[in-house]
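Could you put together the complete structure from these sequences and hints?
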Amino acid sequence: MLRLDQATYDGIVAHAKRDHPDEACGIVAGPEGSDRAERLVEMVNAAGSPTFYEFDSTDLFQLYKEMDANDEEPVVVYHSHTATEAYPSRTDIGLAMEPNAHYVLVSTREHGNNDGPVEFRSYRIVDGEVTEEAVEIGPQSTRSSA
Amino acid sequence: MAIEVRIPTILRTYTDGEKSVTGEGANLSALIDDLEGSHPGIKDRLLDDGDLRRFVNVYVNDEDVRFIGGLEAELKDGDQVVVLPAVAGG
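From first to last, the protein sequence lines are chains R and X. Using this note's numbering, read the first sequence as starting at 2 and increasing by one per residue. Using this note's numbering, read the second sequence as starting at 143 and increasing by one per residue.
Worth flagging that the hints you see were computed from the coordinates, not collected in a lab. Warning: the hint list may mix true and false statements.
One side of the interface only, derived from the structure: several residues of chain R facing chain X at Cβ under 10 angstroms [to be verified]:
| hint | residue |
| --- | --- |
| 1 | 24 |
| 2 | 55 |
| 3 | 59 |
Partial selection, computed: residues in chain R whose CB lies under 7 angstroms from chain X [stated by the list, open to error]:
| hint | residue |
| --- | --- |
| 4 | 53 |
| 5 | 61 |
| 6 | 65 |
| 7 | 90 |
| 8 | 96 |
We put the beta carbon where it would ideally sit given N, CA and C, even for glycine.
As structure tokens, then:
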């Protein structure tokens with residue numbers, strides 16, 4: 002199961018709507034091994050495309066350097082589909098290289114840049130195998146209450 | 143001659159879980175051959191048909207090797223090499 006706080010969920014949805022009709026992408030970092038999605042980082046889609054996304058290689062390097070310095074890892078890797086359902090494409094599955102991450106897919110096909118609900122789904126993608134999981138929006142379990 | 147190589151999570155199966163290993167080589171191509179000797183199988187995850195895989199990024203001292211000669215990028219003692227799979231999809 003993926004647990005997200007409301008602000009992070011809203012941030013991902015707003016990013017996807019803003020970048021529509023191109024795909025939006027980013028991560029939510031969290032302490033290594035904690036599975037806590039704490040820090041939303043919007044990334045630029047270097048492909049600038051409605052059918053493909055890719056982090057710019059320099060941005061990617063800076064991001065991982067920063068996470069390394071903070072003892073963080075990508076807890077969530079998210080991107081949007083702008084014309085199709087919120088399910089990993091064959092390309093998504095082939096290129097999923099973070100075995101510990103929750104892969105979040107948001108589809109903006111229904112309302113585009115406008116207000117209105119989106120499909121928001123989460124998956125594990127390991128060795129080409131896709132497993133959907135529940136998404137729970139609510140207060141993040143914190144260090145003190147854990 | 144020692145070059146530190148940072149290994150991404152997905153490739154740590156080849157390094158007994160180590161985040162970082164050391165290798166040697168006068169250029170990236172030689173370093174990858176050296177790594178293959180100590181961590182068999184890793185070369186195939188980095189190269190395809192003798193070239194760097196499209197969705198694997200390699201950096202030498204913070205620079206994407208694609209801008210500094212690719213596999214021919216020169217290395218020297220003390221350099222740091224970082225391997226990061228692209229974050230990409232469709």
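Practice task
Please flag the earlier hints that this structure goes against, numbers listed from lowest up.
Solution key: Per hint list: zero violations.
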